[in-house]
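Residue numbers (UniProt numbering), protein chains in the order written: chain A, 1 to 352; chain B, 1 to 227; chain C, 1 to 220.
Please note that a few of the clues may not be correct.
Restraint ranges, calculated between C-beta atoms of paired labels, are given here [as the list claims (entries may be wrong)]:
(1) S332(A) - V107(B): 16 to 26 Å
(2) R58(B) - Y39(A): 50 to 60 Å
(3) I165(C) - E166(B): 49 to 59 Å
(4) E101(C) - T181(B): 35 to 45 Å
(5) I168(C) - D147(B): 13 to 23 Å
(6) N172(B) - I195(A): 17 to 27 Å
(7) G310(A) - T133(C): 50 to 60 Å
(8) V175(B) - A257(A): 13 to 23 Å
None of these hints come from the bench; they were simulated from the model.
Ideal placement from N, C-alpha and C gives every residue a C-beta, glycine not left out.
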Amino acid sequence: MAKGIEIRTSPHLKRVMSVERIMRTVVLALLPICAFAVYQFGLSALLLLLTTTGVSILTEWFFSRRSGQGNTVSNWSVVITGLLLGLTLPPGFPLWMAAVAAFVGVGLGKSLFGGLGYNVMNPALVGRAFVQAAFPVAITTWTPAFAPGRFGELIPSTLTLPFMQPIPVDAWVAGLNMDAWTGATPLAIQKFQHIETPIADVFSGMVAGSAGETSAILILICGLWLAWQKMLDIRIPLSVLAGAVMVALPLWLMDSATYPSPWFVLCSGGLMLAAWFMASDMVASPVTARGAILYGLFIGALTVVIRLFGGLSEGVMYAVLLGNAVGPLISSWTQPRVYGVTRKSADKRDAA
Amino acid sequence: MEAQNQSRPAAATPTWAMLRTLGGIALLSGLLVALVYQVTLPIIAENQRVLTEKAVFRVLPQASLKRDFVLTKQGGLAPVGEGVDGEHVYGGYDAAGNLVGVAFTGVAVGYAGPIRVMFAYDPECRCLNGSKVLSSNETPGFGDKLDFDPEFLKNFEALDARLDAEGRALANPIVTVKHGTKNQPWEIDGISGATISSKAMGRAANAAAQRAVPAIERDLAWLKQQH
Amino acid sequence: MAELPNTQETLTPDTFLRGLWEENPVFVMLLGMCPVLAVTSTTMNALAMGLATTFVLVCSSLLVSLLRNWIPKQVRIASYIVIIATFVTIVDYSIQAISLELYAALGAFIQLIVANCVILGRAEAYASKQRLTTTFVNSLGMGAGFTLALLALGTVREILGNGTILGIHLFSPDFQPWVVMILPPGGFFVLGAWLLLFNWLRLRKERKQAEQIGVTAHAR
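Could you build all of it, start to finish, from the sequences and the hints given here?
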């Protein structure tokens, strides 16, 4: 089998080299997004990314040592988890909570299941789901993007003492004199006031939100590059986006005053990042071609349903986690039809 | 194996033995339950009374005496008694026997199931001036703001509940608005981040006031003499 | 015990201690998971639930043991359930009389004690075959083990989820509660952590025993 041609199989291959190469490439693709997050939110975002990545690496190192697997940090996959986790958190998220998220994500979401290749769900999202439930107020506290002086000072809540409540940011935000600031993300504004932020702004990322979820165009470029490098299965991100449009378009056509336009749905919040970098997680997604498409459509449609009809303004995290959960079922459903189409797919099933 | 396990050597257990056992146990069980029920009944009733009284005195801090009334079908009030049923409202009186306010409960569905709230109505200012959440399943950290957030509780210092000209409904329905946009005395300033819970609070207040306030205002003179 | 169906157990400290550790109903036998996960969000609820279950367990075991020669095999399950249900109803009224707030916090789980398999399991496997004294001691041990397990979950969840223990604040007012711990998922997380600990202790003990006997320890 030639090196690096069938991306979907890689975590199960015995060749450690190719896993490492893939993971390194994904990290490379994530770096521009991280850089934009730092440019947008300043030092706090940088510290946040460093914390999640550092704690993820430490957790992986600790568990891999204890379980006698040897050091598994060197395959870079845990770096992806750390970076992705940092990108999904609000930029002013207290660092100690980010550390908790990274520990739970890697420890509970991955290592306890047996490490890379055995995790049922995307570890970064497991960590985020945990802190979403544990610290619901902190994780919905947003700070404005492009604050003046963001490279010289930190958002006050960033350096909260461990186990303490986040330092309030209201006074700090008021001191910035940012007129248009409402304390909400474009998604929340759309959900509760039915006001759509201009597409150009959400598309380019000139808005508030989680550290790395804001610039749709940048994520799109990085994702496409990764797909061009054959490092991800492009069926998954495309079908996630298609699934979202499938639900959003009819609703918008029926009532464009209440429901957001499909463009807004695609470009706002974490959908873009999740579609390209999380749903496409090789371990937690189905291994068959038709399964991958079904899985993507499921995640995309569910995201929009949660956003529009659920209690939260963003639903992509739970959608991907649920997608991960039904992934094996989708795999087994779609198995017999794929049987015999290519020999590789049959081999893959056995390997998995 | 089966025979060994049995305490009796008989090959088959006679039917009457089974009947005797089941009947005996049922009788014993019935006796025990009835006994405990008889003993605990007055204590439980007293507990229930104390619990309501605590909530009423919490929303009507000046009150030292509570009287129960029932909303009648005719849209008025009647004292609680045999054969009268309907929604309860509670009149609070101070030591001198003056009516200090009336308490009633409202329910609305929040983020995680129904929220039951007790509201206080002050006939002097014709406004709601107290609230206490009796039960809710709202997410801790969000939902409990309804009961503790000082900024949100300011809404219930004097929430306008005047009646319209006919006296059958509120002149202005109570409604929760987005945080920071309250500019009318009958609006509740929502909690940012707990929009659904604070909106439910507004619906509960509106529904309860729409039912109780017309009746209270109709029988106000009578109510004042009921201490 | 189940493996010695027709032998009367003699009363030893182990009769009591077994329930606490070796055969702990929650951590070892994994019985009665429903109340374990549902009502351990605070120490007080856990304690109340544990005591209520212990009361039902001890009373029903005693009555079953007392009547063991009188209950025909064919109707034994029905008899046990009626006996258990009687004591559950008694507990239900008693808790209402003690505190309505506690009653509201425990909710339907009081009535559901009747379906707790620890209790029926004890009646069937132990009380129906053993003398009154050993039954009393054994069921008390089981009840204590159950209560301890509930407390183990309840204290951790209350400390992390609310920063309090029995309602007393432990930390400064700025403490950030881990809300998830008092929500249902927290029950699963904490139970999982305790099971991890118990399994780890058990494995370590087994390994040590194996070494003592002279068998080489499991090769790494």
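The hints, checked one at a time:
no. : hint                          : verdict
1   : S332(A) - V107(B): 16 to 26 Å : violated, 46 Å
2   : R58(B) - Y39(A): 50 to 60 Å   : holds, 52 Å
3   : I165(C) - E166(B): 49 to 59 Å : holds, 56 Å
4   : E101(C) - T181(B): 35 to 45 Å : holds, 37 Å
5   : I168(C) - D147(B): 13 to 23 Å : holds, 20 Å
6   : N172(B) - I195(A): 17 to 27 Å : holds, 25 Å
7   : G310(A) - T133(C): 50 to 60 Å : holds, 58 Å
8   : V175(B) - A257(A): 13 to 23 Å : holds, 20 Å
Violated hint: 1 only; the structure is consistent with all others.
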